[in-house]
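Please model the complete structure; the sequences and the hints are all you need to start from.
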Amino acid sequence: MVTTTPTPQGTLTGNVLFYSNPEPLAKELHSKMGVKRMDGPFAFAKVGHAVPLTVGEFPLAMVTGPIIFVGDEKLPIAVMGLNAGENMFVKDDGTFEAGIYIPAYIRRYPFVFANDENAKQMVLCIDRGAEFVTDTDYDMGFFEPNGEPTEYTKNCIEFCNNFEIERQRTMGFVQLLKDLDLFETKEATFTPPGPDGTQGETQKIAEYFGVSEEKLNALPPAKFVELRDNGALGQIYAHMHSLVGWDRLIALAMTRASEQPAPVLNS
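Per the numbering used here, numbering of the sequence shown is gapless, rising by one per residue and ending at 267.
Some clues are possibly wrong.
List time: in silico BS3-like cross-link candidates among lysine-lysine, alpha-carbon distance up to 30 Å [stated by the list, open to error]:
no., residue 1, residue 2
1, 204, 74
2, 186, 154
3, 178, 215
4, 27, 154
5, 186, 223
6, 204, 46
7, 204, 91
8, 46, 36
9, 204, 186
10, 32, 204
11, 178, 204
12, 91, 36
13, 186, 74
14, 46, 186
15, 204, 223
16, 223, 178
17, 74, 223
18, 215, 204
19, 178, 74
Label-pair ranges, simulated between beta-carbon atoms [as the list claims (entries may be wrong)]:
no., residue 1, residue 2, range
20, 165, 248, 27 to 33 Å
21, 70, 256, 22 to 28 Å
22, 159, 20, 46 to 52 Å
23, 145, 121, 25 to 31 Å
24, 135, 248, 39 to 45 Å
Just so you know, these hints were derived from the structure itself, not from any lab.
Note that the coordinates shown come from a computational prediction; the quantities given were computed from them, not determined experimentally.
Backbone N, C-alpha and C fix where the C-beta goes; we use that ideal spot for every residue, glycine too.
Given below as structure tokens:
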């Protein structure tokens, strides 16, 4: 289990998406701090075009967009935009478009676990840079007057602990795919229409890792049944089906581009 009652000491390492100023949550530092309720609390996620995902979220996330694997560790990612730093589903008012699955990675914010190399453990942190973290006029405090975590903080700790458990399970799922050599390099491409209506030059949108349908189908029957029985096969299919979401993102981007007002030319 991860430590949830850290002291202010310790050096935190790691660069974590969305978190600009994480520090260990402690009553010595945050006894008079909390969060304020906001109608649009997800403005911070506007820059998250690729958001980490846990394997248990695959069936829910697949309806929103592509689920891909990236980097040497082949971490699963929910693609939520075509351009770096642009989440296509977060509106200007800080809310998500209706019907969009919000990854747990986003929902746990402003809390996060971070490595404390001095103590050789993980500690629960709060992002002091979060828009809704404040020391005045907050709706939900982090600590009670007696120094105990509030019910809000306890619920957040439980959510983060569950997230960490799911993260570990996801690592096991990815390792299974590696052991079975199921990954292959894939590309997402787009062929825009030319000025005369014919097909233009094909453009590469992304290069990533995904499960090879050919390799999956070539598995021995016994291994295929094992994947079915341990639940991995359903998650694999969720990933594979999600890849049609590239077309959705492209269509959405084109629709929004066409809705942009034409520039006014001075005569």
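Against the structure, the hints:
Taken as a hint, the residue 204 and residue 74 pair is honoured in the structure, with Cα atoms around 20 Å apart against an allowance of 30 Å. Pair hint residue 186 plus residue 154 does not hold up; C-alpha atoms about 42 Å apart against a cutoff of 30 Å. In summary, the hint linking residue 178 to residue 215 is supported, as the alpha carbons are separated by about 12 Å, within the 30 Å threshold. Taken as a hint, the residue 27 and residue 154 pair is honoured in the structure, with Cα atoms around 13 Å apart against an allowance of 30 Å.
Proximity of residue 186 to residue 223 is assessed by CA-CA distance (about 24 Å); at most 30 Å being required, the pair is judged to hold. Proposed proximity of residue 204 and residue 46 is supported: the alpha carbons are some 23 Å apart, at most 30 Å. A distance of roughly 26 Å separates the Cα atoms of residue 204 and residue 91; the hinted pair therefore holds under the 30 Å criterion. For the proposed pair residue 46 and residue 36, the alpha carbon gap of about 19 Å is at most 30 Å, so the pair holds.
With a CA separation close to 11 Å, the supplied pair residue 204 and residue 186 stays within the 30 Å bound. For the proposed pair residue 32 and residue 204, the alpha carbon gap of about 50 Å is over 30 Å, so the pair is violated. For the suggested pair residue 178 and residue 204, the alpha carbons sit about 25 Å apart, so the restraint of at most 30 Å is met. Only pairs whose Cα atoms come within 30 Å are accepted, and residue 91 paired with residue 36 is accepted, the gap being roughly 20 Å.
Restraint check for residue 186 and residue 74: the C-alpha separation of about 13 Å stays at or below 30 Å, so the hint holds. Only pairs whose Cα atoms come within 30 Å are accepted, and residue 46 paired with residue 186 is accepted, the gap being roughly 26 Å. The hinted pair formed by residue 204 and residue 223 fails the criterion: a straight-line CA distance of about 34 Å is larger than 30 Å. Taking the CA atoms of residue 223 and residue 178, the gap is about 14 Å. The hint holds against a cut of 30 Å.
A threshold of 30 Å between alpha carbons decides the hint, and for residue 74 with residue 223 the separation of about 22 Å falls inside it, so the pair holds. At roughly 24 Å between alpha-carbon atoms, residue 215 and residue 204 fall within 30 Å of each other, so this suggested pair holds. Taken as a hint, the residue 178 and residue 74 pair is honoured in the structure, with Cα atoms around 9 Å apart against an allowance of 30 Å. Between residue 165 and residue 248, the C-beta spacing of about 31 Å keeps the proposed range 27 to 33 Å intact.
The supplied range of 22 to 28 Å is met by residue 70 and residue 256, whose beta-carbon atoms lie about 25 Å from each other. With their beta carbons about 21 Å apart, residue 159 and residue 20 fall outside the hinted range of 46 to 52 Å. Take residue 145 and residue 121: their Cβ atoms lie about 28 Å apart, and the range 25 to 31 Å holds. Between residue 135 and residue 248 the beta carbons are some 42 Å apart, a value that agrees with the proposed interval 39 to 45 Å.
Checked against the numbered hints listed earlier, the structure breaks hints 2, 10, 15, 22; every other hint is satisfied.
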